[in-house]
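Residue numbers (our numbering), protein chains in the order written: chain S, 1 to 114; chain L, 1 to 113.
Treat the hints with care, as some may be off.
Said to hold, decoys possible - Sample of chain L residues facing chain S (criterion: CB under 7 angstroms; computed from the structure):
#1 7
#2 8
#3 40
#4 46
#5 51
#6 90
Said to hold, decoys possible - Sample of chain S residues with no beta-carbon within 12 angstroms of chain L, all distances over it, derived:
#7 6
#8 7
#9 17
#10 24
#11 26
#12 38
#13 71
#14 84
#15 91
#16 93
#17 104
#18 105
#19 112
#20 113
Rather than coming from a laboratory, the hints here were simulated on the basis of the structure.
Glycine included, each C-beta is placed from N, C-alpha and C at the ideal position.
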Amino acid sequence: KQEVTQIPAALSVPEGENLVLNCSFTDSAIYNLQWFRQDPGKGLTSLLLIQSSQREQTSGRLNASLDKSSGRSTLYIAASQPGDSATYLCAVGGGSSNTGKLIFGQGTTLQVKP
Amino acid sequence: SQTIHQWPATLVQPVGSPLSLECTVEGTSNPNLYWYRQAAGRGLQLLFYSVGIGQISSEVPQNLSASRPQDRQFILSSKKLLLSDSGFYLCAWNADRVIYGYTFGSGTRLTVV
Numbered sequence: 001k002q003e004v005t006q007i008p009a010a011l012s013v014p015e016g017e018n019l020v021l022n023c024s025f026t027d028s029a030i031y032n033l034q035w036f037r038q039d040p041g042k043g044l045t046s047l048l049l050i051q052s053s054q055r056e057q058t059s060g061r062l063n064a065s066l067d068k069s070s071g072r073s074t075l076y077i078a079a080s081q082p083g084d085s086a087t088y089l090c091a092v093g094g095g096s097s098n099t100g101k102l103i104f105g106q107g108t109t110l111q112v113k114p
Numbered sequence: 001s002q003t004i005h006q007w008p009a010t011l012v013q014p015v016g017s018p019l020s021l022e023c024t025v026e027g028t029s030n031p032n033l034y035w036y037r038q039a040a041g042r043g044l045q046l047l048f049y050s051v052g053i054g055q056i057s058s059e060v061p062q063n064l065s066a067s068r069p070q071d072r073q074f075i076l077s078s079k080k081l082l083l084s085d086s087g088f089y090l091c092a093w094n095a096d097r098v099i100y101g102y103t104f105g106s107g108t109r110l111t112v113v
């Protein structure tokens, strides 16, 4: 059974810092990995999608990496801003037994202080 | 471009009342459709998914059911709500679960009282 873990559960940083959010998964037979952002009371906004054949994806100040063999992904946020405050969710699609369904981690709640 | 719509945004219902949440996708055909629930402290849980009209797969035994009466319409229902059905319900779609990522709707906050 695929399990996804995100560390840390919460993070508070001053504005301008570079930071790394971590995601690990137990079954490396995935199709892809997706990072989402969720603001309080809102739906999920897709940030980056990494296919299993890719090592990383970049969008603006965000960079996500994938090491499928070790079951890990990181989301790097450069020069953090207060507007980056949100919960970040990692989700994997695929795995040996889950027929491609998206399995989520519990999320990392980020607070960027001005 | 493709868009996904969910309604209502919030709902307060008494225990034992029926439920109907609707999700529609525009700008694509034959999407894969999903219902997720996000309960406090429990993360996102897949409830149902559908790969075509009338094709529904249930992931978790529960008080809920889903239907797909049209290609781009996905409905979540209950005949009698329980307190434990409270949560944030999210609809999602993708064109191909291997190649493409998931796109989520804005969600429905359901409170059963």
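Evaluation of the provided hints:
1. Of the supplied interface hints, the one on residue 7(L) is violated, with its beta-carbon coming no nearer than about 12 angstroms to a beta-carbon of chain S, more than 7 angstroms.
2. A distance limit of 7 angstroms between C-beta atoms decides the matter here; for residue 8(L) the minimum to chain S is near 14 angstroms, and the interface restraint is violated.
3. A cut of 7 angstroms between beta carbons decides the hint on residue 40(L): the least distance to chain S is about 12 angstroms, and the hint is violated.
4. Checking residue 46(L) against chain S by beta carbon gives a least distance of about 6 angstroms; that is within 7 angstroms, so the hint holds.
5. Restraint check, residue 51(L) versus chain S: the minimum CB separation of about 10 angstroms is more than 7 angstroms; hint violated.
6. Checking residue 90(L) against chain S by beta carbon gives a least distance of about 6 angstroms; that is within 7 angstroms, so the hint holds.
7. Not every Cβ of chain L is farther than 12 angstroms from the Cβ of residue 6(S); the closest lies at roughly 10 angstroms, contradicting the non-interface assignment.
8. Separation of residue 7(S) from chain L is adequate, the least Cβ-Cβ distance of about 14 angstroms exceeding the 12 angstroms criterion.
9. For residue 17(S), the shortest C-beta to C-beta distance to chain L comes to about 26 angstroms, beyond the 12 angstroms cut-off, and the non-interface label holds.
10. With a closest Cβ-Cβ approach of about 15 angstroms to chain L, residue 24(S) is found to remain outside the 12 angstroms limit, as its non-interface label requires.
11. Even its closest Cβ contact with chain L, about 15 angstroms, leaves residue 26(S) beyond 12 angstroms, as expected for a residue assigned away from the interface.
12. Here residue 38(S) does not stay apart from chain L, with its beta-carbon only about 9 angstroms from theirs, under the 12 angstroms limit.
13. Non-interface status of residue 71(S) relative to chain L is upheld: no Cβ of that chain comes within 12 angstroms, the nearest being about 18 angstroms off.
14. Even its closest Cβ contact with chain L, about 19 angstroms, leaves residue 84(S) beyond 12 angstroms, as expected for a residue assigned away from the interface.
15. Some Cβ of chain L comes within 12 angstroms of the Cβ of residue 91(S); the nearest lies about 7 angstroms off, and the non-interface call is violated.
16. Once the 12 angstroms rule is applied to beta carbons, residue 93(S) is inconsistent with being away from chain L; the minimum gap is 6 angstroms.
17. With a least beta-carbon separation of about 4 angstroms from chain L, residue 104(S) fails to lie farther than 12 angstroms from that chain, contradicting its non-interface assignment.
18. Listed as a non-interface residue, residue 105(S) fails to keep its Cβ farther than 12 angstroms from every Cβ of chain L; the least gap is roughly 7 angstroms.
19. With a minimum CB-CB distance of about 23 angstroms to chain L, residue 112(S) clears the 12 angstroms threshold, and the non-interface call stands.
20. With a cut of 12 angstroms on Cβ distances, residue 113(S) stays outside the contact zone with chain L, its closest approach being about 25 angstroms.
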